[in-house]
Amino acid sequence: MAKAEIKNHIRRLRFEHGEMTQQQLSERVGCSRQTVVLLEQGRYVPSLSLALKIAHLFGTDVESVFELDEDAR
Amino acid sequence: MYEILDIKYKTIYSPFRYVLSAMQGLFTEIRTMTIVLWSVLALGGGLLALWLAGRRMKRQEPPLPADIDLPVTPLQRISRWGIGVSAVLAAAAAALLLWNGAETTFASDPLRITFTLLLVGIVAVVGGVGIWLRAQVGRSDGVLDERDRAIVGRAPAAQAMAMLVTLAIWTIGLAEHFHDAGVVPVFYLYLVFWSVVVVDLVGLPVGILMGYRRS
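Residue numbers (this note's numbering), protein chains in the order written: chain A, 1 to 73; chain B, 1 to 215.
No wet-lab data here; the hints were simulated from the structure. Among the clues, some could well be false.
Unchecked claim - From the derived model, a few chain B residues whose C-beta atoms are all more than 10 Å from chain A: (1) A66; (2) V72; (3) A94; (4) A102; (5) T105; (6) I113; (7) P156; (8) A181; (9) D200.
As the list claims (entries may be wrong) - Simulated restraints on C-beta separations: (10) F193/B with E5/A: 42 to 52 Å; (11) S108/B with E27/A: 49 to 59 Å; (12) Q24/A with L37/B: 50 to 60 Å; (13) A168/B with Q24/A: 46 to 56 Å; (14) R139/B with L48/A: 37 to 47 Å; (15) E67/A with A160/B: 37 to 47 Å.
Unchecked claim - Here are a few chain A residues that face chain B, going by a calculated C-beta distance under 7 Å: (16) S32; (17) R33; (18) Q34; (19) V37; (20) S47; (21) L50; (22) S64; (23) F66.
Glycine included, C-beta positions come from ideal geometry on N, C-alpha and C.
Throw the hints in and build the complete structure from the sequences for me.
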């Protein structure tokens with residue numbers, strides 16, 4: 001099975017929410033800053049639980065934060 | 001083995017003589033290798049197995065851009081610390097063995113106790129890391145996140161292979177070295193046990209650091 005390529009808008013959403021730092025985001029969703037860095041770089045695909053926490057933090061739904069990469073489909 | 005090789009050596013024509021001669025030379029070398037060399041080979045073999053497993057795990061993606069600062073997680077920090085302290089203690093134990101010679105070290109109570117304490121120190125340090133890990137994995141409000149937990153879950157994969165390689169090297173080495181005598185001195189068993197314990201325990205933090213390279 002091909003690995004799903006998922007891109008996200010975390011970096012943009014952080015800046016739209018008071019220029020939230022990676023450290024602040026990591027503390028509020030309960031993960032390490034390294035995980036946030038790798039998420040933003042598209043190197044790590046989060047669990048559904050972490051994806052929901054991030055979406056709720058930005059006051060939006062999961063699909064507004066994460067989406068399947070059209071090129072990889 | 002020697003007798004079989006000798007018989008074949010006389011009857012097989014010349015191209016194979018070089019191969020058989022080389023094999024005879026290898027077995028002679030194995031039989032005369034010292035205890036220190038075997039210890040180094042056994043530990044080195046185990047660590048080589050871990051390194052090879054790490055090479056297979058290496059991230060296939062291109063490296064992160066140079067301007068990206070990838071912070072160190074608490075799990076990485078404690079794993080590096082555990083490996084570092086273990087390496088220092090292992091080096092001190094190896095130096096003790098090299099300086100005094102294996103037989104003197106094991107015949108002298110103070111030297112043997114010091115050697116054992118250094119190895120117990122490795123067990124305490126790396127075992128402590130393992131205990132801390134188990135406590136953290138079970139806590140939802142601990143310092144580990146979901147990625148750390150996944151890495152910890154995969155970390156023991158290389159441990160069994162490293163232990164098997166260490167045991168195989170010891171078994172082949174001791175069987176060949178003491179083939180004629182038919183008995184193995186007790187202190188070799190002591191080294192076999194400790195080398196397997198060290199490789200097994202150090203394998204966990206090494207597996208964790210490899211996991212970070214992969215995921």
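Evaluation of the provided hints:
1. Separation of A66/B from chain A is adequate, the least Cβ-Cβ distance of about 13 Å exceeding the 10 Å criterion.
2. Taking the minimum C-beta to C-beta distance to chain A, about 7 Å, the non-interface status of V72/B is violated against the 10 Å cut.
3. For A94/B, the condition that its CB be more than 10 Å from all CB atoms of chain A holds, with the nearest at approximately 34 Å.
4. Its beta-carbon lying about 44 Å from the closest one in chain A, A102/B satisfies the requirement of being farther than 10 Å from that chain.
5. Separation of T105/B from chain A is adequate, the least Cβ-Cβ distance of about 43 Å exceeding the 10 Å criterion.
6. Separation of I113/B from chain A is adequate, the least Cβ-Cβ distance of about 42 Å exceeding the 10 Å criterion.
7. No Cβ of chain A approaches the Cβ of P156/B within 10 Å, the least distance being about 21 Å, so the stated non-interface status holds.
8. Consistency note on A181/B: stated as away from chain A, and its beta-carbon is indeed over 10 Å from all of that chain's, at 55 Å minimum.
9. With a least beta-carbon separation of about 27 Å from chain A, D200/B lies farther than 10 Å from that chain, consistent with its non-interface assignment.
10. For F193/B and E5/A, the hinted distance range of 42 to 52 Å is satisfied, since their beta carbons lie about 48 Å from each other.
11. For S108/B and E27/A, the hinted distance range of 49 to 59 Å is satisfied, since their beta carbons lie about 55 Å from each other.
12. Look at Q24/A against L37/B: about 55 Å separates their beta carbons, and that is inside 50 to 60 Å.
13. Our hint of 46 to 56 Å for A168/B and Q24/A holds, since their Cβ atoms are close to 51 Å apart.
14. Between R139/B and L48/A the beta carbon distance is about 21 Å. The supplied range of 37 to 47 Å is therefore violated.
15. Look at E67/A against A160/B: about 40 Å separates their beta carbons, and that is inside 37 to 47 Å.
16. Given the 7 Å rule on beta carbons, the hint for S32/A holds: about 5 Å separates it from the nearest Cβ of chain B.
17. Taken as an interface hint, R33/A checks out: its beta carbon lies about 5 Å from the nearest beta carbon of chain B, inside 7 Å.
18. Hint status for Q34/A relative to chain B: holds, with the closest Cβ pair at about 5 Å, below 7 Å.
19. Below 7 Å, beta-carbon pairs count as interface contacts, and V37/A has one with chain B at about 6 Å; its hint therefore holds.
20. With a least beta-carbon distance of about 5 Å to chain B, the hint placing S47/A at the interface is held under the 7 Å criterion.
21. With a cut of 7 Å, the hint placing L50/A at the interface with chain B holds, because the nearest CB-to-CB distance is about 6 Å.
22. Evaluation of the S64/A hint against chain B yields a violated restraint, the C-beta minimum of about 21 Å exceeding 7 Å.
23. Restraint check, F66/A versus chain B: the minimum CB separation of about 15 Å is more than 7 Å; hint violated.
Checked against the numbered hints above, the structure breaks hints 2, 14, 22, 23 and satisfies the rest.
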